[in-house]
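S.K.: One letter stands for each residue in the lines below.
2 protein chains.
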Amino acid sequence: MAEPRIYATYWIETAFPLQQAAETMAGEQSTGTFVRVPGETDELREAHAARVEEIVELGEVTAPSLPGSGLPRSGDATRRAARVTLSWPISNMGLSLPNVLAAINGNLSELKAFSGLRLIDVRFPPEFLTRYQGPQFGIEGTRRLAGVFDRPIIGTIIKPSVGLSPEATAEQVRGLIEAGIDFIKDDELQGDGPHCPFNARISAVMRVINDHADRTGKKVMYAANLTGDIDEMLARHDHVVAEGGTCIMASMNSIGLPAMKVLRAHSQLPIHGHRNGWGMLGRSPAIGMSYIAFQKLWRLAGIDHTHVNGIDNKFCESDDSVIASARECLTPMFPAPHKDCRIMPVFSSGQSARQAAPTFAALGSIDCIFAAGGGIMAHPAGPAAGVRALRQAWDAAVAGIPAAEAAGKSPELKAALEAFSG
Amino acid sequence: MAEPRIYATYWIETAFPLQQAAETMAGEQSTGTFVRVPGETDELREAHAARVEEIVELGEVTAPSLPGSGLPRSGDATRRAARVTLSWPISNMGLSLPNVLAAINGNLSELKAFSGLRLIDVRFPPEFLTRYQGPQFGIEGTRRLAGVFDRPIIGTIIKPSVGLSPEATAEQVRGLIEAGIDFIKDDELQGDGPHCPFNARISAVMRVINDHADRTGKKVMYAANLTGDIDEMLARHDHVVAEGGTCIMASMNSIGLPAMKVLRAHSQLPIHGHRNGWGMLGRSPAIGMSYIAFQKLWRLAGIDHTHVNGIDNKFCESDDSVIASARECLTPMFPAPHKDCRIMPVFSSGQSARQAAPTFAALGSIDCIFAAGGGIMAHPAGPAAGVRALRQAWDAAVAGIPAAEAAGKSPELKAALEAFSG
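Taken in order, these protein sequences are the chains called A and B. Residue numbers for the first sequence follow the working numbering, beginning at 1 and rising by one. Residue numbers for the second sequence follow the working numbering, beginning at 1 and rising by one.
Since the hints were derived computationally from the structure, they do not count as laboratory data. There's no promise every hint is true.
Since the list gives no way to pick out one identical chain from another, each pair is judged satisfied if it fits inside one copy or across any two copies.
List time: in silico DSBU-like cross-link candidates among lysine-lysine, alpha-carbon distance up to 35 Å [said to hold, decoys possible]:
| hint | residue 1 | residue 2 |
| --- | --- | --- |
| 1 | 414 | 112 |
| 2 | 296 | 219 |
| 3 | 112 | 296 |
| 4 | 339 | 218 |
| 5 | 314 | 296 |
Using the sequences and the hints, build the whole thing.
M.R.: Below you can see the structure in the form of structure tokens.
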């Protein structure tokens, strides 16, 4: 039986012939050497060389996207873009995400043959599920803990990002709960600073959330940002559990995949994977990696939710890219009977009732956390009206009723659409 | 007494007025919100807002480096580059590298005001040394274990990168040791795959190294690539120690800072910090981060060596950038009496005797690991002559004798300069 393989797809830009450029990539990331050495036998190459699976030319480009690339010594030097897929046998790196990263990224971005090189997708064989646990709660588990089943989970974030005391944070949570919110998250800047220690903050917040749950039966999900060193994260997790919390949050780029694996193995709660820092990898079209590729690494490692930005967001990401990321979260990574590793996409950044219909139309699903800050707090009739307007906007979208028509029967939605007209 | 602060310097490109752009950065990464909220009091801003420390205009630019940026709604929209320094009080994030990352990188790269934004430096207050150990061996400790004191440590790498069995690896090590090498490293692609299990590889390699040390007194340093998940890395470290090894290697981008902290706390050996994957962050001049900034995070977390590429390398990095990185490794991060956290820069990538003189001239130091692959193996008179030529080239450089002149007295150096003429 053929050995399982890992597949990685790249966007490349090069002045070299595409076949040669793709083979350079495969060689650099497996058995290749600049000078052929005695140990590089045919058998070794047969067993361990990365393979060029596909090359799709995407057309000529007029100027190099990035500086520092080289030209062929002779012949045609037309610069082209292409999509290239490589594969590796899993025996090269073992069932190890850190070693997969070294293989699929490694030094590729620095190769002189390329004036652009970006990882756009990666596919794992299901054997990785024997070493990585994948999401523990995923979509269904998150819905169960949040008690929200037939619509998006409506979320928001604590603001200002940093500086509030534990008590002031809890007071803000109280207001948001009274407004009818389903989900609240710490800002990623709020960790465990001395002015707002994690344990004190979570204790204060959970007192408010638990009181409300006792009175009403609705337990709001609070994503507690426990980002830190490993021992700290495990201890903070235990504190959240002890206080009755239902979600933890970690900044993926801050902690790395091995720490996430440890956190996942320890966790009794869904893990909200915050992607801050991804712009460093994702912003340039010519380098880094797509969020399609990025999220798969982290889903395998165990996150249950991740941020995908939002339609018409305040950042630089295009709507197409946002929706591609969100749809990917809802797409199985592995076929049945394997765990599919689907997770909750989290829409955020400048979101309001205005984006409900286009988001539903593009996503084709209500399985998401739809988070708004100003889109709730700045509603002319207050935060409770802001939350209601968001729910009404989604209900209308799902029912196929245009927002403007639905607004005729809902003063909150009408006010939201007017206030957040973009 | 004023609270200690963290400083971060960025290269930015924006069509907004520079002061406004810098304040947007500071706001986004601390107390700012798009809509002013009740909790954002003057006292909170005074205590927790990031501060704009300096703005240095670098001139106008004709076109945006990256897509997706916005323009001011009115007024002048000249696009400019600038260098901006921000600072944060450490109480915002605590003494925590993962939370520092969220603060200094965070969502900055995605902000619409910028068509380029790159972290170029970061400065920590020495308080971080109460939480992070810094390098355990550094330059002096590495020299002591390698037994090389008055010249660069001459190094090389196992090739082909992946595919050799433990026994074939050990045979290659035997040849390199006989050639007089000081330092050998695993390729970053060689981890713990089933065809070359880590423990078997290190046992086979150390048998050769220990035999040679017993006979000659010279113990070659072997950087064993233990990159993996945390439990794996600790167990592999213990195996290296048990076999008498003197160095471990980890791919920094694969493991993350929290895993490095755990590894450093556990390690009895120098940690060779491999930077593969850095091209994703470093290749574009308009996004990501410089290696100056990157290495400081990892030095604080505990690495003892790191790669800086080499002069006239096979990759895309400029010589200026290479030398800036290398000099930074040799520059104290903290003033006395604090630990200075200086580490060994590792030159590699297309290096040979040819680059010794310009490297010494630019670095002004012999404190480095100077690694060559083809520059040793492809020497016309064999690997032993390759190693001798490298040592002779460095001796000549340090003595101020031009390489061509020194080559008159050394056939190995003469042959190397001819063979590796670039």
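S.K.: Next, verify each hint and record whether it holds.
M.R.: Against the structure, the hints:
1. 414 with 112: between (56 Å within a copy, 29 Å between copies)
2. 296 with 219: This pair counts as within: shortest intra-copy Cα distance 30 Å, inter-copy 43 Å.
3. 112 with 296: both (28 Å within a copy, 26 Å between copies)
4. 339 with 218: within (30 Å within a copy, 52 Å between copies)
5. 314 with 296: both (25 Å within a copy, 31 Å between copies)
Checked against the numbered hints given earlier, the structure satisfies every one of them.
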